[in-house]
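Next come the chains, spelled out residue by residue.
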Amino acid sequence: MNPSADALRATFGGAIARAAESCGDTIVYVDRAALLAVMAWLRDTPGQQYDYLVDVTAVEYRDRERPLEVVYNLRSLARRTDLRVKVELDLRGDLAIDSVVPLWRGADWLEREVYDMFGVTFRGHPDLRRILMWETYAEGYPLRKDFPLRGRFSRAEQVRQALNANPEAHYSMEELSIAEAHDELPPDMRERLRRGERDKIPYSE
Amino acid sequence: MSKRTIAVELATPGLDPQGRPARIPLAAGVGPLEQYGEPDAGEHMLINIGPQHPATHGVLRLVVELDGETVVRVIPHVGYLHSGFEKLGEYRHYNQIIPLTDRTDYLSPMANNVGFALAAEKLMGIEITPRCTVLRVIACEMSRIISHMVWLGTTSIDLGAFTPFLWAFQERERIYNLQEMWTGARLTTSVTRVGGMMADITDDFVAGLRQFIDTYPKTLYEIDRVLTRNAVWVGRTQGVGVMTAQEAINYSLSGPMLRASGVPYDVRRDQPYLDYDSYEFDVPVGEHGDVYDRYLVRLEECHQSNRILRQALERLADGPVNVADPRMILPPKSRAMSDMEAMIYHFKQVMEGVKAPVGEAYVGIENPKGELGTYLVSDGTAKPVRWRIRPPSFINLAALPKMAEGHLLSDLIAINASVDIVMGEVDR
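In order, the protein sequences belong to chains A and C. For the first sequence, the residue numbers in the working numbering are 2 to 206. For the second sequence, the residue numbers in the working numbering are 14 to 441.
Quick caveat, the hints were computed from the structure, so don't treat them as lab data. Please read these numbers as outputs of a predicted model, since none were measured by experiment. Errors might be hidden in some of the hints.
[What the hints assert, rightly or not] Simulated pairs of lysine-lysine, DSS-like, Cα-Cα distance not exceeding 30 Å:
{"no.": "1", "chain 1": "A", "residue 1": "K146", "chain 2": "C", "residue 2": "K396"}
{"no.": "2", "chain 1": "C", "residue 1": "K361", "chain 2": "A", "residue 2": "K87"}
{"no.": "3", "chain 1": "C", "residue 1": "K415", "chain 2": "A", "residue 2": "K87"}
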């Protein structure tokens, strides 16, 4: 097992729920509240130097009782060592967690993808928008286990929405304001955009 | 104020009343612009590039805020090619996922096949055979060459050089012919299986690859001669889109993008998989982290891949390709039709799939675009709970706004090209 697991336990005590090993990879389960402190410690402490964020993703199990896991793969480039850090989120609670973008800019799109696919919100993320699905996508979070393989809406409804989509809805709020197109939008759409309710933008008839 | 004049021959009469060619005075400096008021300072323009635009290398859409011709802000929009591969994988047996990996980074399908197979084998605890190891190295390096060739060709077109494109695509065509010889498919190779390969290579393939290895460097030297000291190429790439080593690490860049910034990290050498630790090859590292260095790094990697291919062919020994485990590897069709035991194994693999033990595994391999990670989580059934692709070009592309802001719009095209994205992988 990676010695960083014991070092973490010695430093953070109860915030490290447990450590496990699978196929030779060490996994450390971290309490949600301590995530940022643990990550900063792992990155900046001499002897740890996990300076490279390989990946951020999430796992939901088929067993509905198991919590959803947000998974961080860290690497120390100098020491050629990997460490996997996981945070467990109860599916019945709010799926919110601190963003690690202040530590690694590379987490920006990765966290957006986790938000897009799993509905986990990252507190402190500079620009938490959907990334792979379009911003007005209203069917939910595709990689959740309760999401049907072919989507929630019927094929006919999906086609209808795609054909009727308002082209302005493909621009974000700030983009529209750059082009001064914002003032020309219908008042109700402008109001919804202002409130951030992007998934409720009406489709033009 | 000095005035210069040049003689122009106009199409219509073109002569002044004295019968001499008309001369137009050329003055430097002020013109009658003032009468139109102040120039439009501070007024920004929004332009939309893509998703259907040849210079975005796929269905990438960039919304760009411009101050004159200077890029103030880039807002990339991705997802137009989102196919839900990761979701699909949760409904497929491990071997059934391999055809999906072809379609992620479709410019290097064989390397993706290898990445997935390695992760599944780590999860199941399978040791592959020596011959299979060498075949997979050959697959990975062939992929690197074709991917870099596409990158070189398309990027040179973006920057105004057409000839290298033709040379590069010719070389790619030769590899495609070899891939077709090996797998029957040029693009969607699906060459690996969990525990082995879909097919062994033939003697013709070995001869063809050897011939390729001997003649390929000539093209690289030709491209080198046309581009590396070309004034236009140098002018448009040097000092453009710079990422320092610190920034490259902080943005999680990988592959040639990371190494061009001066971080000497190559998964093949630093966390070796297959038997890369026993090959002799150099890892090219850039100094400035600009578009030019990325070009140099990729060009040198092609030479190194060629070197690895040569060594791989030398050490290619006879022996079985697949592991000797009838629960993993499909029996030959003739045996499945004539032998009861083989038929049962065939049936169980096709209908039930190969079960993986409870656990999870992450394997990162050095793909042409960067580190391709495959993260598999199993709950003991024949289908993964989670199949995650760490997409190198997605993560590299995330640094595009950082690299492009402050440069000219034309530099944005060069920078975007230098990232080497493939939208099938960005959007998955």
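Evaluated hints:
The straight-line distance between the Cα atoms of A:K146 and C:K396 is roughly 14 Å, inside the 30 Å bound, and the hint therefore holds. Using a Cα cut-off of 30 Å, the hinted pair C:K361 and A:K87 is violated, with the two alpha carbons roughly 35 Å apart. Of the pairs offered as hints, the one joining C:K415 and A:K87 holds, with about 29 Å between alpha carbons and a cut-off of 30 Å not exceeded.
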